[in-house]
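First to last, the protein sequences are chains A and B. Residues in the first sequence are numbered from 1 upward in steps of one, following the numbering used here. Residues in the second sequence are numbered from 1 upward in steps of one, following the numbering used here.
Possibly wrong hints are sitting among the right ones.
[Said to hold, decoys possible] One side of the interface only, derived from the structure: several residues of chain A facing chain B at Cβ under 8 angstroms:
{"no.": "1", "residue": "Gly-119"}
{"no.": "2", "residue": "Phe-120"}
{"no.": "3", "residue": "Gln-138"}
{"no.": "4", "residue": "Leu-144"}
{"no.": "5", "residue": "Tyr-161"}
{"no.": "6", "residue": "Thr-189"}
{"no.": "7", "residue": "Pro-190"}
{"no.": "8", "residue": "Pro-258"}
{"no.": "9", "residue": "Ile-377"}
{"no.": "10", "residue": "Pro-380"}
[Stated by the list, open to error] A few chain A residues that don't get close to chain B, going by computed Cβ distances all over 10 angstroms:
{"no.": "11", "residue": "Gly-25"}
{"no.": "12", "residue": "His-143"}
{"no.": "13", "residue": "Gln-148"}
{"no.": "14", "residue": "Met-156"}
{"no.": "15", "residue": "Met-187"}
{"no.": "16", "residue": "Ile-191"}
{"no.": "17", "residue": "Ser-203"}
Derived from the structure by calculation, the hints contain no laboratory data. Think of the CB as a built atom: it goes at the ideal place given N, C-alpha and C, for glycine as much as any other residue.
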Amino acid sequence: MPSHPLRDRTAIVGVGYTEFSKNSGKTTLGLALEACYKAIGDAGLEVTDIDGVATYAVGDSTLSYVVADALGIEDTAYFLDHLGGGSASQSTIAAAAMAVHSGVATNVLCYRALNSRSGFRMGGTGREPRTAGDAQYQSPYGHLAPGQAVAMGARMHMERYGTTKDQLGAVAVTFRQHASMNERALMRTPITLDDYHASRMISDPLRLLDFCLESDGACAFIVTSAERARDLPQPPVYLSGVGYGPGRTLYSKAWMDPTESGARFMAPRLFGMAGVTPADIDVACIYDAFTYMVVVQMEDLGFCSKGEGGPFVASGALALGGSLPTNPHGGHLSEAYIHGYNHVLAAVEQLRGRAGPRQVEGAEVALVTGAPGGAGIALPPQCNGLVLRR
Amino acid sequence: MATNVSRPLPLPDIDSRPFWQGAKDGKLLIQRCPSCRSFRWPPRDFCNVCYTPGGDWTQVSGQGVLLSWTVQHHLLHPGFADEVPYVVLAVALDEDRRCQLLGNLRRATAEELQAGMAMEAVFEEASPEITLVHWRPRRD
Ligand SMILES: [Zn+2]
Chain A
1 MPSHPLRDRT AIVGVGYTEF SKNSGKTTLG LALEACYKAI GDAGLEVTDI
51 DGVATYAVGD STLSYVVADA LGIEDTAYFL DHLGGGSASQ STIAAAAMAV
101 HSGVATNVLC YRALNSRSGF RMGGTGREPR TAGDAQYQSP YGHLAPGQAV
151 AMGARMHMER YGTTKDQLGA VAVTFRQHAS MNERALMRTP ITLDDYHASR
201 MISDPLRLLD FCLESDGACA FIVTSAERAR DLPQPPVYLS GVGYGPGRTL
251 YSKAWMDPTE SGARFMAPRL FGMAGVTPAD IDVACIYDAF TYMVVVQMED
301 LGFCSKGEGG PFVASGALAL GGSLPTNPHG GHLSEAYIHG YNHVLAAVEQ
351 LRGRAGPRQV EGAEVALVTG APGGAGIALP PQCNGLVLRR
Chain B
1 MATNVSRPLP LPDIDSRPFW QGAKDGKLLI QRCPSCRSFR WPPRDFCNVC
51 YTPGGDWTQV SGQGVLLSWT VQHHLLHPGF ADEVPYVVLA VALDEDRRCQ
101 LLGNLRRATA EELQAGMAME AVFEEASPEI TLVHWRPRRD
């Protein structure tokens, strides 16, 4: 089979990030500028080399033309303001890869900047909920936050497959252990399963420690061609595969089961483009807005069979030293919540071999996912992911 | 039941107005494709099975099965301060399991719930304009 035309043709050559915190004391513009200048510098480029700017937001950040102007970029050959959070995270990098490979742009800057703790909170705290469109069938019943949708998916998974709260808790405990080795992480004190069970109930069956953090911060990346990447100072991290998959509303034609996610549609395309199988993944950075999302993605990405996600995540496989070291930075559950972009940062750091005490020895191929798509009831966002290679 | 004016209420649109009018009249109205006769929820202007435009608003039984539920302990909106912890549930209609409606639990507690149990619609006035559709276990 001929190699996919996009495989390994573009690379991430620069990364930048701000401090992750609960209160940045900065605007999202300020955060974006700091991360973007750092990424451009890390790549060994100048502002004048950047001709594309891509970002994503849910009405909670600064648009790309404002950031481009403030950075001093005079001309923009490519831009993207993608609507979404986890559903749009890795797909902005995929879009940058396509823009570069097609020749539309040369060096594309991708950023995500948000004050998701001190400002716009995903659960809606402090603002009126949407009541138009499909939200009119949800908000009046107090169905207001993603965690509720995922809790309903988790309950179905538990009823059908016998997935346990201990297994969900194992995800939280494992990622916290990883975060304890990460100076960037907001939550570094190790926890036990007892701590997990003692945490406050939020959306039964999901407790506080099933939920990710809400954080302020920004991450930025530079995507360029594989050819140019070889002349730049950092070891290139090649984009081997980019993948998209469906989401799920209350009205779906083919796919009605909240115990499945869009990742099962995406996985064969993503791995196929990269020319790898799940067994080739050395390190995984899996979108973990909730513990249950990790369980369902392990199944739908093909790391275990359907219904075996619970035992799989509790087996030790996800730990550093396990068969699939996952979220070595601590994930959204314990490092920070930069809507999927801190997962890209963690993967690049692993493939550059610069992850310090949490380095996966000899890591060559990394998987990074955004929101899994569906995996809950009335949780529309779509699915996206990347396979990266050093 | 007391209603709290600060709770979010639906903003009916051209697609959904017949549904909300039906609820106000104590009827559960669901669109049905004029061509392939499949039921459709939420309201949409085209059938996604046979792509035919339009839908016939059809009164259904108001009966279905419980798909899943969550008990919300954390207060997300001041309008629900008197309700926490409250149950949000999803019911698949007997007429077509693809029609999945959300609602709150009425006349039962979360402890009584079991996946797959029979449920029926309960109509509850939330404002002079809006009646919401909630659900209770069927007892027959
Ligand atoms: Zn039809």
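Each hint tested on the structure:
Interface restraint check for Gly-119 of chain A: the shortest CB-CB distance to chain B comes to about 17 angstroms, outside 8 angstroms, so the restraint is violated. Annotation: interface hint on Phe-120 of chain A violated; nearest CB of chain B at approximately 14 angstroms, more than 8 angstroms. Given hint, Gln-138 of chain A at the interface with chain B, holds; its Cβ is 6 angstroms from that chain's nearest Cβ, closer than 8 angstroms. Interface hint at Leu-144 of chain A: satisfied, since its Cβ lies 5 angstroms from the closest Cβ of chain B, which is below the 8 angstroms cut-off.
Residue-level restraint check for Tyr-161 of chain A is violated (minimum Cβ-Cβ distance to chain B is 12 angstroms; threshold 8 angstroms). The restraint placing Thr-189 of chain A at the interface with chain B is violated, with a minimum CB-CB distance near 22 angstroms, outside the 8 angstroms limit. Here the hint on Pro-190 of chain A is broken, as its CB sits about 25 angstroms from the closest CB of chain B, past 8 angstroms. Interface hint status for Pro-258 of chain A: upheld, as the beta-carbon distance to the closest one in chain B is roughly 7 angstroms, under 8 angstroms.
About 5 angstroms separates the beta-carbon of Ile-377 of chain A from the nearest beta-carbon of chain B, less than 8 angstroms, and the hint is met. With 8 angstroms as the threshold, the beta carbon of Pro-380 of chain A stays out of range of chain B, its nearest partner Cβ sitting at about 12 angstroms, so the hint is violated. With a least CB separation of 26 angstroms from chain B, Gly-25 of chain A remains clear of the 10 angstroms interface cut-off, as annotated. With a least CB separation of 5 angstroms from chain B, His-143 of chain A falls inside the 10 angstroms interface cut-off, contrary to its annotation.
The claim that Gln-148 of chain A is not at the interface with chain B is violated, since a C-beta of that chain comes within 10 angstroms of its own (minimum 5 angstroms). A beta-carbon of chain B comes within 10 angstroms of the beta-carbon of Met-156 of chain A; the shortest separation is about 5 angstroms. With a cut of 10 angstroms on Cβ distances, Met-187 of chain A stays outside the contact zone with chain B, its closest approach being about 18 angstroms. A cut-off of 10 angstroms between C-beta atoms confirms that Ile-191 of chain A is not in contact with chain B; the least separation is 19 angstroms.
With a least CB separation of 5 angstroms from chain B, Ser-203 of chain A falls inside the 10 angstroms interface cut-off, contrary to its annotation.
Hint check: violations occur at hints 1, 2, 5, 6, 7, 10, 12, 13, 14, 17; the rest are consistent with the structure.
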